[in-house]
Amino acid sequence: MSNDTHILPETRSWKDIPQQVRPRAMSGEGRRRMAMGSMRAAIGAAVIAGVCWGAWEVAAVLRDSPDSMPEAAKSDRVRSLVLVTDGVLDKTWLAKTLSIAPDATLMGLDLNQLRQKVLSDPQVSSAAIVRNFPDALTVRISERSPVARLMAQAEGSAPSMLLVSRDGVAFSGTGFDPAMVETLPWVDGIKVTRVGKGLAPIEGMRAVSDLLASAKLEAENLYRTWRVISLARLSTDGEIEVHTRDGMKITFGTKEDYLRQIARLDLLVDASGDPTRPLREVNLALGAQVPVAYGKASPILGPQPASALNASSARPQISSPVISSPHIDIHREL
Amino acid sequence: MSSKTSFIGAVEIGTSKVTVLIGEYTGREIVIIGCGECSSRGVIKGSVVDYRAATECTHSALEIAERDANERIDYVYLAQTGGHLEGFYNEATLNVKAADNMIEPSDIRTVCDLAKAKELPLGRMVVHNIRRPFRVDGRLVPTSPENLVGQKLEVGYWTVHGQEQRLADNIHVIRGFNLEVRELVLSGLASGHMVTSMEERQNGVLAIDIGAGTTDFVLYRNGAPHTTGVVAVGGSHFTNDISIGLRLTEGQAEKLKLRFGRAVVQSRDKNEKVWLDGNFSIGDRQFSRHAIESVTAARAFELLEVVKKKLGHAYSPETCAGGVVLTGGGAKLPALAECASHVFGTSARLGEAPSWVNENLRDPGYHTALGILYYGVSVQSDRSATTRRKSGFLHNVTRLFAST
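Which chain is which? The protein sequence lines are D and S, in order.
Its first residue numbered 1, the first sequence is counted upward by one per residue in this note's numbering.
Its first residue numbered 1, the second sequence is counted upward by one per residue in this note's numbering.
In short, the hints are calculated from the structure, not lab data.
Since we're looking at a predicted model, the values are computed, not measured.
Glycine included, each C-beta is placed from N, C-alpha and C at the ideal position.
It is possible that part of the hints are untrue.
As the list claims (entries may be wrong) - To spell it out: a stretch of chain D is covered by chain S in this simulated footprint if at least three of its residues, at any positions, have a beta carbon under 8 Å from a beta carbon of chain S; those stretches are: (1) 32-39; (2) 126-137.
Claimed, not checked - Below, in silico cross-link-like pairs of lysine-lysine (DSS-like), each with a Cα-Cα straight-line distance of 25 Å or less: (3) S:K270 <-> S:K255; (4) S:K118 <-> D:K15; (5) S:K97 <-> S:K152; (6) D:K96 <-> D:K117; (7) S:K152 <-> D:K15; (8) S:K332 <-> S:K308.
Whole structure, please, built from the sequences with the hints as guidance.
Dropping the structure here:
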């Protein structure tokens, strides 16, 4: 008689009772013990993961170690530099930035040091450098896009124009099309601080960037007239002031949707088409109530020569101020 | 701390009190390092009737014991009692397979499986399968029959089973403290093992554990448990009888029971009076000592008679040379041994804990918890023998995750 020939009835033992209980059926101490147990398990898992990661890293270091490379690979010189970018920087900039010696071998390069060199240009937001055997060095970078510009002057030096990205980083702007740069508005009402060789990020640029992006997308005709963006009242009142080429001052509030404010502005500009009463100030930061100030109508003193009339119709008789680029002093951080 | 050291928790959720003992087992000996005790609430006749109350008092006792031991336990051995526990005997016979009639391990396994295989009614679960000694061609084999020669191998199991919900309630009370229940141990078996000697068990002995709500009994024969049972009557019924008979509150009746209760009537003078409090306070009054003794003696006699009746033919004074051993909190009733001797027709004595037990834990009320601890040690030593070959690091990692 073998075991297989028996069909034994199944007897249920107390061990078939599931021992799990819901947390709400547990006492405070029980829940605490369970949490401690979970924490112990998590720490255990983390330690194991850490050990595995460490082992993997050590293996990677050993694998990439120059000692483990064949002699032929070690002696290969860098013959080509490959730049992969999402912006405007080119190989010339790369070669100048890296300044690799002509006789440098691929394995002799310190990639971390080269990466730091690339990242020292604030126009580059991230960079990765890899060796492509036998003789190529590939640099992958991600660049910052300018949303505005500013004129900064350090003590004892000539003023220079800098571009400002969405995250507030100011950079010289290598390789950008001058026509495109010309369309960017100036930033005013800020205090720029020098940190090391560069400048500290400008606060509030994210809000400005959102406003400019909305305007550019929804009302490009208006955006084209914007000359200066003032952030003077941004931190205190949550307002952004825009000065147009026509001398109009528009105040935007950061608490309300920019699209709605731009739509109101567009409506106002369309509604006040009277050239004799040009808009001088529009405050969109107060919600549905939009205070508007008009300029004075130009007095017509009598018949004028046709040339003068033509000139006046071509340009309304408002005093169009010549707005120069705002000048910002750079303060050294103490 | 040695890597072999383990901490064993023993929990008894009784009707009157919850007892937790923590023992440090070094592989050779056990040292009781923690004890927690708490008045029981939400437990009637060994069954949980109020989950929250039972949980609170059990967890309090566990916390006290852990604090006392200054160690954290991960699992416990839990005592199980209650009127819902029942037992039956089932046996199986097997013709030995081998041509030379030598019994092989597979024969033993098969006959054991057959003897244990018995369908239970719906909602019932096995708590213990207690094996009685093997028989080879009718001759008793107290140990393993492997390699003995015979044609017929017999074995019987005393199966203890209980109601699923009540077993689950007890387990969930412990799980509420995030502790694993490693084993359920019948209270009677635990306490019986503590108060009887191997020789007594070999000769036959009846151990009766009288708790507050239940009375557990186990009859040993040939060195192994033969029959077990639970009667849903305990010390609290003595109190209740006095309370009803003398029209007292439960607290007052308990006080009288402890001071004047006896299992055999001693007082001959029916006019002899005893004071309830004896401190001349307002409400203090006198009661007949004879009446108190009569009530407790009648109940003690009845209780022991019920146990005897439940044992039926399994018990006879001739097969119980070791006599009757009484334990449990209820066994402290004076003259109970005398009463038991009268009922069972054999010698009876009050059980005592082994000499190695600390003086503070020698009270009969701790015998069950001590027995569970002892049971845990035997299980632990069996386990350590089988797991000795396991790799240390891997085993510890497994334990780390298992503890969650």
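Quick rundown of the hints versus the structure:
A count of 4 residues in the region 32-39 of chain D with a Cβ less than 8 Å from any Cβ of chain S is obtained; the coverage claim is therefore met, three being the minimum. Coverage of the region 126-137 of chain D by chain S is violated [criterion: at least 3 residues with CB-CB distance below 8 Å; count 0]. Taking the CA atoms of S:K270 and S:K255, the gap is near 20 Å; set against the 25 Å cutoff, the hint holds. For the proposed pair S:K118 and D:K15, the alpha carbon gap of about 17 Å is at most 25 Å, so the pair holds.
About 10 Å separates the Cα atoms of S:K97 and S:K152, which keeps this hinted pair within 25 Å; it holds. Proposed proximity of D:K96 and D:K117 is supported: the alpha carbons are some 10 Å apart, at most 25 Å. Our distance criterion of 25 Å between C-alpha atoms is broken by S:K152 and D:K15, whose separation comes to about 32 Å. Note on S:K332 and S:K308: the hinted pairing holds, with a Cα-Cα distance of about 20 Å set against a maximum of 25 Å.
The structure does not agree with the numbered hints 2, 7 stated previously, though it agrees with the rest.
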